[in-house]
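Peer 1: Taking the hints into account, I'd like the entire structure generated from these sequences.
The listed protein sequences correspond, in order, to chains A, B, C and D. Using the numbering used here, the first residue of the first sequence is number 1, and each one after it goes up by one. Using the numbering used here, the first residue of the second sequence is number 382, and each one after it goes up by one. Using the numbering used here, the first residue of the third sequence is number 763, and each one after it goes up by one. Using the numbering used here, the first residue of the fourth sequence is number 1163, and each one after it goes up by one.
None of these hints come from the bench; they were simulated from the model. Be aware that a few hints might be false.
[Said to hold, decoys possible] Simulated DEER-style distance windows between Cβ atoms:
hint : chain 1 : residue 1 : chain 2 : residue 2 : range
1    : B       : Ala-497   : C       : Leu-782   : 52 to 60 Å
2    : D       : Asn-1172  : A       : Asp-308   : 21 to 29 Å
3    : A       : Glu-261   : C       : Arg-779   : 52 to 60 Å
4    : C       : Asp-984   : A       : Pro-272   : 26 to 34 Å
Note that beta-carbon positions come from the ideal geometry of N, C-alpha and C, so glycine has one too.
The primary structure of each chain is shown beneath.
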Amino acid sequence: MDFSFTEEQSMLRDTVASYLADNYSFDQRRAALKAEPGWRPQVWKAFADELGILGAAFSEEQGGLGGGTTDNMVIMEELGKALVVEPYLPTVVIGGGFLKHGKPAGADELIGKIIAGEAIIAFAYAEPQGRYTWSDLKTTAKKDGAGYVLNGHKAVVIGAPYATHLIVTARTGGGQRETQGVSVFIVPKDAKGVTTRDYPTVDGFRASEVYFENVAVGAEAMIGPEGQALPLVEKVMDEAVAATCAEACGVLRQLHEGTVEYARQRKQFGQPISSFQVLQHRMVDMFIQLEQSISMTYMADIMLAGSDLERAKGASAAKVQIGKACKFVGQNAIQIHGGMGMTDEMAIGHYFKRATMIEAAFGSTDHHLARYEILSLGKVA
Amino acid sequence: MDFSFTEEQSMLRDTVASYLADNYSFDQRRAALKAEPGWRPQVWKAFADELGILGAAFSEEQGGLGGGTTDNMVIMEELGKALVVEPYLPTVVIGGGFLKHGKPAGADELIGKIIAGEAIIAFAYAEPQGRYTWSDLKTTAKKDGAGYVLNGHKAVVIGAPYATHLIVTARTGGGQRETQGVSVFIVPKDAKGVTTRDYPTVDGFRASEVYFENVAVGAEAMIGPEGQALPLVEKVMDEAVAATCAEACGVLRQLHEGTVEYARQRKQFGQPISSFQVLQHRMVDMFIQLEQSISMTYMADIMLAGSDLERAKGASAAKVQIGKACKFVGQNAIQIHGGMGMTDEMAIGHYFKRATMIEAAFGSTDHHLARYEILSLGKVA
Amino acid sequence: MNLDFSPEDNAFREEARAFLAQSYPKELREKQARGETLGKEDYLSWHRILAKKGWAAPSWPKEWGGTDWTPTQKYIWSEEQARADTLGILPFGVAMLAPVIYTFGTEEQKAKFLPDIRDGKIWWCQGYSEPGAGSDLASLKTRAERVTGDDGKEYYIVNGQKTWTTLGQHADWGFFLVRTDPDSKPQAGISFLLIDMKTPGITVRPIITLEGGHEVNDVFLDNVKVPVENRVFHENQGWTCAKALLAHERSGIAGVARSKRGLERVREMASTELADAGGALLADPFFKRKVAELEIDLTALEFTELRTLAGESSGKGPGTESSILKIKGTEIQQRLQELALEAAGHYGAPFLGEGGHNSGVGPLHSIDTAGDYFNGRKTSIYGGSNEIQRNIIAKMVLGL
Amino acid sequence: MNLDFSPEDNAFREEARAFLAQSYPKELREKQARGETLGKEDYLSWHRILAKKGWAAPSWPKEWGGTDWTPTQKYIWSEEQARADTLGILPFGVAMLAPVIYTFGTEEQKAKFLPDIRDGKIWWCQGYSEPGAGSDLASLKTRAERVTGDDGKEYYIVNGQKTWTTLGQHADWGFFLVRTDPDSKPQAGISFLLIDMKTPGITVRPIITLEGGHEVNDVFLDNVKVPVENRVFHENQGWTCAKALLAHERSGIAGVARSKRGLERVREMASTELADAGGALLADPFFKRKVAELEIDLTALEFTELRTLAGESSGKGPGTESSILKIKGTEIQQRLQELALEAAGHYGAPFLGEGGHNSGVGPLHSIDTAGDYFNGRKTSIYGGSNEIQRNIIAKMVLGL
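Peer 2: Structure follows, in structure tokens:
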């Protein structure tokens, strides 16, 4: 049993933290989100060149630093602490995950571009009707000669406005909700027939509705086995869930510490509100939620290396804990901040908004509870 | 709209309260429960003769005082405050309910005996396999000439050890869980073939496993229509639920007041524990639960006079509130009492035990939530 | 004990329902349906229609335009308004300020202000909270010094800052708590002033709230000159007015009728949104259960409010019942917002801003669910936070 | 970051498992299965078998019988014990008193007491709490006055009352906190005494708890004469011992392994109990969800404990991690008891007393579910109530 980080991982954490401390203040972030394009390509460039973190989770043969999911966890927690919107999760965790596990033809080349900061990926999986059932797909990919033609509408694709590539789930066969017939494609965003309707999200990202209208791709665009890619999707999704849990730990830490700090300074009825026992115990319960969330994130990371069942159970169990913690800690951070917590000017509200969106990201608390139940207790007991 | 009690009802409340204050102290109760027969027939006699309350809920033609369910509510709340074990609920509310609504041949005579304190009824409805589905019956009543022959096993029949009559649900037809085929019988407890295994319950009542072995009854023993009595059972059950909610309000009131009182006197770290804000807010939340429970009990009582749907929704909604309140108020009453709350000597633990048993009485919180859902939202939305 | 309505009550309900059906402005209903942000005139137009009917200020004394309705009639009126999904009359003038004026004001003040408030001619805002004060209202620092003007009349010169002034951007007049005696105890030395918002020296600055909306404001007062006759009640005794106003602020705080309508909306939404399992979200056992539990809790709140109206409840001081109603009412509103956001799924995330309802992004019912949820967090904070309400119950009812 | 066990760890697990399978007394297992109340000899017999194996006191210093196990081995041992559903060694001697003796005691005291504690030869009880003290331990009033005996030796004469003395009815010896200097501050002036329970003047009186059981006692001390050499550590500095002991009292408080076994039991129970809908209760969506949520919370607790063992956690003072473990551990135990009672349905009600498991009333797994639930309420009260634990975290970790 080992719960420690390697020296490399600790250095990675320090590197990211210190860069963000210098370059990602609340005001800098705020200004970037308000302007176009809504993110800072120079930050991404720094991630690639100055910090060299985009390769942390790739193998040395692929040009990376030889790390893995734990490195993703370390980075994501720091990104969470600073509410970073730049697309590490969709590009490295999800895009990188598909390329590593699916091993499509051009994988190594594209990984090289990711590490260099030149390729940015968005994951187009959700559909308007599908909620959190990843196999519920109306988007189709019809065989056409050696390649495929894609048609469909993908909902709320986070990071699509600044992506160079889209990874897309589509049906090459089977009925709308069947587990069979699911395939995955990588499509350049500028491919003919791809259109987007872009908008910001409530937590400061940019996203798109993405429409595919007779988008032709070659056979090499397919990642994983034709029609049998749902297990691959689940695996990458679980890695995304674990990484999001790590991000959430960063967010929760700031919510908790910010609240404790505020409560110490804020006076009411002549004394700091941190002296009121009800608020003290509330902050203790927030702290316990944070600690439990960290524990569960470690657990999920460890389980990513296990069997499919262990991995899936671990990710869903962690997401349940994180979802509950995001709600409890977020709501109470605002409550204890009082009116100040309600203003756009204070950072705390922005952490709360991100925490709230994490509750539903890659499946709500109820979704992951249901998934965990089936994995742990069976469909019928 | 009218939320007031009549003058008669207020007098009834005062009469019961003052009798119990003089005759039903915690020590008197305790001594009676420890001895045989585990209740006090003289209290029952006083209810009949001295207080005359056993007829409060019966019409004047039946020899009663012309009251109804609201009178039951008034009496039950007072009985709850003193943790009375004498069988008002099974005899008057349930037994009386079946006789009033089912109008079997000998109803008026038996009601006369109830009012006089001579007939005591226990309701044998639950079966070992049936949980809270009242139509789940293995007990059978086979037609035999003009009468019926009963066979079966009834579980945890509260008050059976001191009952003169049993009201029994049994199947005259249909499959084990069907709504059709349910009939109700009234059987003298000393009928041939009735045997019991008696025991105390954790909250101070006496109960029995009741076994029917070829128990022959006449046609006049049937209450309500043959095979179609489930609606009658449901109606009486809802009246029992509403009455139990009223009892619970009495129990909750004592739990809350006892806790506030104790917290004021008990000192820790040099000050009364009632000065700790966390405990203050806990007691406030207990108070809110009590107030909401009273509101829902009034609601349920009002709805008993409505349509079948209103009555059933009202009873189940109230039972859900009361079930949650019993858990929250009960657990926190013990917690705030600390070690003292854990002792058999203090009254508070006995209120907690009764509150806990009320949670499951006539269906758990989950049972009534499920029932409410079907009534309010439909089986499929 | 019954819920029966008298024939008169039923007739009243018919009248209210017919009036709402006939008189509620069509343009307003359409704007609401499209989810457009409503402006000053939208609120006032409906206020004026109600005033014409004589129903703008039911609770006032009859002589100033009150209706003398029974509690049952008031209950029916709030139910019918929620049923018809109408805008409410803004509380600042009619519900909050007017009781202070007709209780504590001079005859001149009554005559000058009450008719305009009733008829929706002027827009009032509230100048209570100050930066850093929060629920500790009496700690206010805004100063009013009494001077004799060049015209020989008496004035207050007001300096300070107010905050959380709801819809102050539209206000014609405001009522302010100011400190007229800095040397006395916090709750003494406060006066209650009516101030014309066009007076030189007043600056209203928007506060953008976390969901991006502009509902509240900072109000800066820089040597604002207020005639002494605009003070209500005695100098240094404004706290008496403030307390009375706060009690009125909390009436209707339970919001039962509105939450009933909100619950219907969530049910509608969950009937078309799909669950993971493919059927309607409302058929998902866990979503359905949350709806059922909310419905039951709302019933409990409703009957607690009815008991309060009927005077049968255990509150032992003014405002103690309202503390329960405030706590449970806001909890229920917040849970409704949580459920709507949950039902929206992926489409809770887009931030579409003005015109979002015409963006075509996601189903109409999902638009702004996150914004409503974020904005709704305020309800357990303002008007005395829910923690303060628990302190009040602990002290006033439980005697702790 | 991994959960891998080394080959040595796996070998150790095999050894532990085989030992438990071979050596756990059959009669004890049968008594447990029948649900019989266990007596003094039942506990001690297993203790002695463990002592013979050398595993009765793994955490002690090696010289007195400790095993020098790694944290991982200790974790494996607690898992295997829970898996085999064995009795635990009672904590009073081995886990609570012994660390005080080997840390603060004289060589004579170590030699006199440690071997007997390790070998399960004597039964110890705790004399800490006093009536009215609750979590405020330092307010104790039991007095010990120093006198010179007729034999010329030094004694303490002890007078007072202790309460909540768990299983004191079986005790041979007890460790007591007594006040030796009544004039100093509460936490000063306390001494730590070992007292032979057969000393004249000691009366043990049962306290019956609300579920009807006899587990705790009052202990009255009336002029009890205790040789001064039975005091551990300096006079008036017993609080140092008391604190060390309390920290040890909380270790293992999370009870993860036992709760895992408890969860299995609830799952088994719910697989045979029927739901309203007719199928197994465990297939009822709502019961199942409660089980799933509990399982997830237990996993969180387990990994928090593992992080604590690995030293990677954010506690900033002794006992702060254990406060989280105590709060969450007891909450989980109590929820398990709630679920079992819920699963029992009607058969939660019978109170069958001694021999209830042979009564034939209801299924075996339902017997005493209510009693366990009632009795289990103590866990959030004793050992420093969960409210006190939150105070500790607020002060020690959050610095509030």
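Peer 1: Hint by hint, note whether the structure agrees.
Peer 2: A quick look at each hint next to the structure:
no.	hint	in the structure
1	B:Ala-497 - C:Leu-782: 52 to 60 Å	57 Å, holds
2	D:Asn-1172 - A:Asp-308: 21 to 29 Å	23 Å, holds
3	A:Glu-261 - C:Arg-779: 52 to 60 Å	54 Å, holds
4	C:Asp-984 - A:Pro-272: 26 to 34 Å	31 Å, holds
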